[in-house]
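Novice: Below are the chains, spelled out letter by letter.
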Amino acid sequence: MNNILEIRGLTKNFGSKNVLNDINLSIERGRITGLLGPNGAGKTTLLKLICGLIKESSGEILIDGLHPSEKTKAIVSFLPDKDYFSGSERVIDTVDFFADFYKDFNKGKAISLLQSLNIDINAKFKTLSKGMRERVQLILTMSREAALYLLDEPIGGVDPAARDYILHTIMTNYNPNAAVIISTHLINEVENILDDVIFLKHGSVLLHKSVDGIRENEGKSVDAYFREVYGNMYF
Amino acid sequence: MLGKIIKQEFKGTWKFFAVSFSAFTLAVIALRLTVEPYMSNINSPGILGTVFFIIMLLAFIVITALFSFTPTLVNVIRFYKTTVTTRGYLTHTLPVSTDKLILGKLIVASLWQLLTTLYAVAAFVILFFSLNIFDPYLIGYDLTSVIGRIITADSKAFATVILIIVSSFITMISAVLKFYCAMSIGQSFNKNKVLFSILAYLGIHIICSIVGTCFGVSTTITLQLNTFTPQMMEILISILKAFFMPAIKLIVIDLAFAAAYYILTRHFLKNKLNLS
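In order, the protein sequences belong to chains U and G.
Residues in the first sequence are numbered from 1 upward in steps of one, following my numbering.
Residues in the second sequence are numbered from 1 upward in steps of one, following my numbering.
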């Protein structure tokens, strides 16, 4: 089975509000997929469902053939769009925490990446800037030899130089046999590293195609195609 | 994985308790040294000695109350920070089941609570025994012989003592779970999570008080207290014997409450997690 992720008829409601509606997706190993859509399209909700943070209202998610559970959490590396560090904690404490809980965590790689950024591993998080904390979080996520990486808005709200660093870190550190799903609305920035894209709109999958397919069939970049598809939403 | 959760919980809390235990120890030693000159003759302490003894007793009660509240405060903050704030993104994506997560936190919280209680009791015993307050001449009976009598004289009274100890331990665990339950319910709301956690706690407390009253634990004790005999030792044994069935009831009710708190905590963290 080459698909690391299978989603069938997935629906998520928050009270009476329908956030995801009948999602059907398959993600192959070794592919980098962009989960694209405007704010409120349901990108974060979908990632939260896949990593087991929240429960589906109906439908099914299978990761390596398993429903989300502690077993799938052992093979899924999730980067939330929120900072989860405690200010009084040292960087090395969190590195040790990851090494303790995740068998696939490569501590040496994490420390090496941190040192390449001149981050003192004995520094407390409260002494690091917001950007540095985000990079530490990314390094921890990418230092796992996971089967599926879920990156929620990894380049949102950072300067262009930081974006380059983040994308470089993702590209040079992910397990090549794994799948990567990157949620973002900054398509132009990530287009070059993507193999496939998923367009989400109002909680439904609008399309799931390869980047090359879009360029060949539509004769335009993913960014231009995205603007064409979503453009009428704002007018 | 349960062991790893326990390890992390100890790592995350030990510093607070190191400070708390140290401060309590220093306060008790300071209290003892301050009061000692006025209580050199415990058999006839005089007015000043009696006043200082009362002050010491009150000060000890206040210090112990503050000390005893530390585990509740630390455990509540720890649970809230690690499970329902943004830290929850890390906690709930660990390869650990919800059961192990709750159990790990509960075990460490209960152990700190137990250690704090035992330490406070030990401090009380050392402080007051060192002043010969329990001198048989002074209080009219030998405390150790009373304890010995309870153990040997009446098996039902002794069984009640054991039941009270067990009940206290279960009540302690149940109290921790009650906080977990309230916070798990409170986090499921989109806004004002702390406020809803407090409201949930009050709601649970009211419901449990009504249920507890319906089971008539306190009524039973009141009725049984009428069977006291006049001799002090016999009164004590009578109280303990009278409390035998209520103690069992208390244990059953507390176990039922603890189970309900656990199930609700598990349900809300597993199915209604609402990290913002």
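Please keep in mind that the hints were generated in silico from the structure rather than gathered at the bench.
Hints are supplied without guarantee of correctness; some may be wrong.
Stated by the list, open to error - With a cut-off of at most 20 Å between alpha-carbon atoms, the simulated EDC-like pairs for lysine to aspartate or glutamate come out as follows:
no.	chain 1	residue 1	chain 2	residue 2
1	G	Lys81	U	Asp83
2	G	Lys100	U	Asp100
3	U	Lys124	U	Glu145
4	G	Lys193	U	Glu89
5	G	Lys100	U	Glu70
6	G	Lys81	U	Asp93
7	G	Lys270	U	Glu216
8	G	Lys15	U	Glu89
9	G	Lys4	U	Glu191
10	G	Lys4	U	Asp159
11	U	Lys126	U	Glu60
12	G	Lys270	U	Glu56
13	U	Lys126	U	Glu56
14	G	Lys11	U	Glu60
15	G	Lys4	U	Asp104
16	U	Lys130	U	Asp159
17	G	Lys15	U	Asp164
18	G	Lys81	U	Glu89
19	G	Lys7	U	Asp159
20	G	Lys11	U	Asp81
21	G	Lys272	U	Glu60
22	G	Lys11	U	Glu56
23	U	Lys71	G	Asp99
24	G	Lys7	U	Asp81
25	G	Lys270	U	Asp159
26	U	Lys55	G	Asp99
Novice: Hint by hint, note whether the structure agrees.
Specialist: We went through each hint and held it up to the structure:
no.: 1; hint: G:Lys81 - U:Asp83; result: 13 Å, holds
no.: 2; hint: G:Lys100 - U:Asp100; result: 15 Å, holds
no.: 3; hint: U:Lys124 - U:Glu145; result: 26 Å, violated
no.: 4; hint: G:Lys193 - U:Glu89; result: 24 Å, violated
no.: 5; hint: G:Lys100 - U:Glu70; result: 10 Å, holds
no.: 6; hint: G:Lys81 - U:Asp93; result: 17 Å, holds
no.: 7; hint: G:Lys270 - U:Glu216; result: 44 Å, violated
no.: 8; hint: G:Lys15 - U:Glu89; result: 13 Å, holds
no.: 9; hint: G:Lys4 - U:Glu191; result: 40 Å, violated
no.: 10; hint: G:Lys4 - U:Asp159; result: 38 Å, violated
no.: 11; hint: U:Lys126 - U:Glu60; result: 40 Å, violated
no.: 12; hint: G:Lys270 - U:Glu56; result: 11 Å, holds
no.: 13; hint: U:Lys126 - U:Glu56; result: 36 Å, violated
no.: 14; hint: G:Lys11 - U:Glu60; result: 38 Å, violated
no.: 15; hint: G:Lys4 - U:Asp104; result: 16 Å, holds
no.: 16; hint: U:Lys130 - U:Asp159; result: 12 Å, holds
no.: 17; hint: G:Lys15 - U:Asp164; result: 40 Å, violated
no.: 18; hint: G:Lys81 - U:Glu89; result: 13 Å, holds
no.: 19; hint: G:Lys7 - U:Asp159; result: 38 Å, violated
no.: 20; hint: G:Lys11 - U:Asp81; result: 26 Å, violated
no.: 21; hint: G:Lys272 - U:Glu60; result: 18 Å, holds
no.: 22; hint: G:Lys11 - U:Glu56; result: 34 Å, violated
no.: 23; hint: U:Lys71 - G:Asp99; result: 14 Å, holds
no.: 24; hint: G:Lys7 - U:Asp81; result: 27 Å, violated
no.: 25; hint: G:Lys270 - U:Asp159; result: 37 Å, violated
no.: 26; hint: U:Lys55 - G:Asp99; result: 16 Å, holds
Hint check: violations occur at hints 3, 4, 7, 9, 10, 11, 13, 14, 17, 19, 20, 22, 24 and 25; the rest are consistent with the structure.
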